[in-house]
Amino acid sequence: MDARLILRIMLCAALASGGLTGCFLAPAIDSFNKLGVTAGDREKLLAERIRVFNDAVSFGQPGDAEAFFVPEQRAGLEKEFRKQRKQEKVVDSRIESVGFSNESRTALVEVTVRYYKVPYYVVNERLEIQEWKFIGTSGWFLSSRKEGVADSVA
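The sequence shown begins at 4 in this note's numbering and counts up one residue at a time.
Hints listed in this document are in silico derivations from the structure and should not be mistaken for laboratory results. A quick note: this is a predicted structure, and the numbers were derived from the prediction, not measured. Just so you know, even glycine gets a beta-carbon here, dropped at the ideal spot from N, CA and C. Do not rely on the hints blindly, as some may be mistaken.
[Unchecked claim] Here are the simulated lysine-lysine pairs, PhoX-like style, with alpha carbons at most 25 Å apart: (1) Lys86 with Lys47; (2) Lys136 with Lys47; (3) Lys47 with Lys89; (4) Lys82 with Lys92; (5) Lys86 with Lys149; (6) Lys92 with Lys120; (7) Lys149 with Lys47; (8) Lys82 with Lys47; (9) Lys120 with Lys149; (10) Lys136 with Lys86; (11) Lys47 with Lys92; (12) Lys120 with Lys136; (13) Lys82 with Lys120; (14) Lys149 with Lys92; (15) Lys47 with Lys120.
[Stated by the list, open to error] Across the chosen pairs, the derived CB separations fall in these ranges: (16) Glu83 with Tyr123: 18 to 24 Å; (17) Gly63 with Arg108: 26 to 32 Å; (18) Gly43 with Gln64: 28 to 34 Å.
Construct the entire structure; sequences and hints are all you get.
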């Protein structure tokens, strides 16, 4: 028998038995989307990145949170983050708004942060502005954070 004929028979048998449900290209398409090639893909990837970062901050996992810092600003952000961690404990955070610019390669994110000052256990709330940058195929990284209201996306 010809190899093509055998392949056709196997393919028909698989289709008939329901063995090939869904698109066999789905994993490749999903991997392509995770590269952040288009502005829409980058925008979808940011929400999960912010959630994981803010969870690491809330759970007191500095190593996990620091992995999200832009390499060029890492030293300054680590120093600020460690100082803040000694003074307060974050108990919750909620994304209020996200503004994209530069073809969705930069984003300003307003996050409401609930925290208490150590050793006082009264929960306070502040609005934190996080600036995130998309770097190559590595994804989103935090480049700055400050208290206040975002003026506009840079």
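Fill in: Which numbered hints fail
Violated hints (numbers, rising): 1, 3, 8, 11, 12 and 15; every other hint is consistent with the structure.
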